[in-house]
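J.: Sequence:
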Amino acid sequence: MKLAVYGTLRNGNENTGRVNNTSLVYPGHQKFPAMIQDYKGKGTVVEVHDVTSEDLAQYDLYEGVMTGLYDRVEVDVDLDSGERERTWVYVAGQKLLDMVNIFEEIPNGDWYDRKV
Numbered sequence: 001m002k003l004a005v006y007g008t009l010r011n012g013n014e015n016t017g018r019v020n021n022t023s024l025v026y027p028g029h030q031k032f033p034a035m036i037q038d039y040k041g042k043g044t045v046v047e048v049h050d051v052t053s054e055d056l057a058q059y060d061l062y063e064g065v066m067t068g069l070y071d072r073v074e075v076d077v078d079l080d081s082g083e084r085e086r087t088w089v090y091v092a093g094q095k096l097l098d099m100v101n102i103f104e105e106i107p108n109g110d111w112y113d114r115k116v
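At position 83 of the sequence shown the residue is numbered 83 (this note's numbering), and the sequence of numbers has no breaks.
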């Protein structure tokens, strides 16, 4: 299975692409990013990794899925190679959205090349 990562989990993997209809933001004054889905942003740059179900369970714990901080959802990634791939990705969950009333957008959608 595949997992798209966009922030602190990126490691320089060359299998990159973009998730459209999203924005990459800093929630409040946090130092970590969050992807907001169904927002008409410029898209979010991601890396696509092969993961196991055990890996996903560990990432769910790390991302706070059980507490509602982030949600794991399926999205289509438009890869730089021109292909499209269905992957899992973590997006801002309702708890994070409820806690924060200010979102500072990373305009280019790229955590590695962020300019805010």
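Some hints here could point you the wrong way.
Pairwise CB distance ranges (calculated) [stated by the list, open to error]:
#1 Pro-107 <-> Ser-53: 31 to 37 Å
#2 Glu-83 <-> Gln-30: 17 to 23 Å
#3 Arg-72 <-> Gly-28: 17 to 23 Å
Pairs of lysine to aspartate or glutamate, EDC-like flavour, derived with a Cα cap of 16 Å [what the hints assert, rightly or not]:
#4 Lys-95 <-> Asp-71
#5 Lys-42 <-> Glu-63
#6 Lys-31 <-> Asp-76
#7 Lys-40 <-> Glu-104
#8 Lys-42 <-> Glu-105
#9 Lys-2 <-> Glu-104
#10 Lys-40 <-> Glu-85
#11 Lys-2 <-> Asp-78
#12 Lys-2 <-> Glu-47
#13 Lys-2 <-> Asp-60
#14 Lys-42 <-> Glu-104
#15 Lys-31 <-> Asp-110
#16 Lys-95 <-> Glu-63
#17 Lys-42 <-> Asp-113
#18 Lys-31 <-> Asp-55
#19 Lys-2 <-> Glu-83
#20 Lys-95 <-> Asp-50
#21 Lys-2 <-> Asp-110
#22 Lys-31 <-> Glu-85
#23 Lys-42 <-> Asp-110
#24 Lys-31 <-> Asp-78
#25 Lys-2 <-> Asp-38
#26 Lys-2 <-> Glu-14
#27 Lys-42 <-> Asp-78
#28 Lys-40 <-> Glu-105
#29 Lys-2 <-> Glu-74
#30 Lys-2 <-> Asp-55
Please keep in mind that the hints were generated in silico from the structure rather than gathered at the bench.
Just so you know, even glycine gets a beta-carbon here, dropped at the ideal spot from N, CA and C.
J.: Compare the structure with each hint and give your call.
T.: Consistency of the hints with the structure:
1. A beta carbon spacing of about 35 Å between Pro-107 and Ser-53 agrees with the range 31 to 37 Å that was offered as a hint.
2. Separated by about 33 Å at the C-beta atoms, Glu-83 and Gln-30 break the suggested range of 17 to 23 Å.
3. The supplied range of 17 to 23 Å is met by Arg-72 and Gly-28, whose beta-carbon atoms lie about 22 Å from each other.
4. About 10 Å separates the Cα atoms of Lys-95 and Asp-71, which keeps this hinted pair within 16 Å; it holds.
5. Distance hint between Lys-42 and Glu-63 is unfulfilled; the C-alpha atoms sit about 24 Å from each other, more than 16 Å.
6. Between the alpha carbons of Lys-31 and Asp-76 the distance comes to roughly 26 Å, so the proposed pair goes past 16 Å and is violated.
7. Annotation: proposed proximity of Lys-40 to Glu-104 holds, straight-line Cα distance about 15 Å (limit 16 Å).
8. A hinted pair counts as satisfied when its Cα atoms are at most 16 Å apart, and Lys-42 with Glu-105 qualifies at roughly 10 Å.
9. Simply put, Lys-2 and Glu-104 have alpha-carbon atoms about 28 Å apart, too far for the 16 Å limit, and the pair is violated.
10. Proposed proximity of Lys-40 and Glu-85 is contradicted: the alpha carbons are some 20 Å apart, above 16 Å.
11. Straight-line distance between C-alpha atoms of Lys-2 and Asp-78 comes to about 13 Å, which keeps the hinted pair within the 16 Å bound.
12. Straight-line distance between C-alpha atoms of Lys-2 and Glu-47 comes to about 10 Å, which keeps the hinted pair within the 16 Å bound.
13. For a cut-off of 16 Å, the pair hint linking Lys-2 to Asp-60 stands: about 14 Å separates their Cα positions.
14. With a C-alpha separation of about 14 Å, the suggested pair Lys-42 and Glu-104 falls inside the 16 Å cut-off, and the hint holds.
15. Restraint check: the Cα-Cα separation between Lys-31 and Asp-110 comes to about 14 Å, which is no more than 16 Å; the hinted pair holds.
16. Distance restraint check for Lys-95 and Glu-63: the Cα-Cα separation of roughly 12 Å lies within the 16 Å cut-off, and the hinted pair is therefore satisfied.
17. Our distance criterion of 16 Å between C-alpha atoms is met by Lys-42 and Asp-113, whose separation comes to about 14 Å.
18. Between Lys-31 and Asp-55 the CA atoms are separated by roughly 24 Å; this puts the pair beyond 16 Å, and the hint is violated.
19. Restraint check for Lys-2 and Glu-83: satisfied, since their Cα atoms lie roughly 14 Å apart, inside the 16 Å limit.
20. As the CA atoms of Lys-95 and Asp-50 are separated by approximately 28 Å, the hinted pair breaks the 16 Å bound.
21. Distance check on the hinted pair: Lys-2 and Asp-110 sit about 19 Å apart at the alpha-carbon level, beyond 16 Å; violated.
22. Distance restraint check for Lys-31 and Glu-85: the Cα-Cα separation of roughly 29 Å exceeds the 16 Å cut-off, and the hinted pair is therefore not satisfied.
23. With a CA separation close to 10 Å, the supplied pair Lys-42 and Asp-110 stays within the 16 Å bound.
24. With a C-alpha separation of about 27 Å, the suggested pair Lys-31 and Asp-78 falls outside the 16 Å cut-off, and the hint is violated.
25. For the suggested pair Lys-2 and Asp-38, the alpha carbons sit about 21 Å apart, so the restraint of at most 16 Å is broken.
26. The suggested pairing of Lys-2 with Glu-14 holds, with an alpha-carbon distance near 14 Å, which does not exceed 16 Å.
27. Annotation: proposed proximity of Lys-42 to Asp-78 holds, straight-line Cα distance about 13 Å (limit 16 Å).
28. Restraint check for Lys-40 and Glu-105: satisfied, since their Cα atoms lie roughly 12 Å apart, inside the 16 Å limit.
29. Only pairs whose Cα atoms come within 16 Å are accepted, and Lys-2 paired with Glu-74 is accepted, the gap being roughly 10 Å.
30. Under the criterion of a C-alpha separation no larger than 16 Å, the hint pairing Lys-2 with Asp-55 is consistent with the structure, at around 11 Å.
Violation of the numbered hints given earlier is confined to hints 2, 5, 6, 9, 10, 18, 20, 21, 22, 24 and 25; the remaining hints are satisfied by the structure.
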